[in-house]
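When we follow my numbering, the leftmost residue of the sequence shown carries the number 735, and every step to the right adds one.
By construction, these hints were calculated from the structure, which means they are not laboratory data.
Values in this document were obtained by computation on a predicted structure and should not be read as measured data.
A few of these clues could be false.
What the hints assert, rightly or not - Derived pair list, reagent style DSS-like, types lysine-lysine, alpha-carbon separation capped at 27 Å:
#1 817 with 779
#2 816 with 829
#3 864 with 787
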Amino acid sequence: MNYTPTKPNELNIMANKARNQSNMPNAHLHELFVDELRDILGAEKLLLKGLKKMATKANSEGLRSAFEEHHAQTEQHIERLKKVFASVDLSPRAKTCKAMEGLLAEAEEIMENFEDADVLDAALIAAAQKVEHYEIASYGCLVTYANLMDHREAADLLSQTLEEEKDTDVKLTEIAMEEANVSQ
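Can you build the whole structure from these sequences, using the hints too?
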């Protein structure tokens, strides 16, 4: 299956420009890096809406609070991504993230199908951790690409977000084990 970026002409121009910059190692990754940045920016914007809805459906105060905290953190991630774009001389433009759309559609389905409070919270945590794992994978790849191309500022900013995503995943596991996945 061939993947076509949202704006192939623009990305090809950027890739050619990057390849011509002799001081950038691994310039062949630039187009992929930019496409992934746009994808994760789109994902983070979609996640803002999903987290609000998940927070309203959560029964546990701890889970609701975790969703609200991650919502505020996601707003910071978006701002940080804007800085990443600026650090590589690009304007921050998102593209539709099909993966996040799917993950949030699954979360929506969970919210519609489970009414029992304890089961719903456990299901919401599972859905949220799927989102976190997607974000961890995305940011992990972006950090690697940034490092390979010597985009130090971008790598540092992306690494901060990667660590926050990992921390959120751990926090969700703790809530699951202390509240949602145990009999009351």
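TODO: Could you grab the alpha-carbon distance between residue 817 and residue 779 and see if it respects the 27 Å cut-off?
DONE: holds, 15 Å
Task: Pair hint outcome, residue 816 versus residue 829 [Cα-Cα no greater than 27 Å] - done: Answer holds: residue 816 to residue 829 is near 14 Å, not above 27 Å.
- [ ] Below or equal to 27 Å on CA atoms is what counts here, so check residue 864 against residue 787.
- [x] holds, 16 Å
The structure agrees with every numbered hint stated previously.
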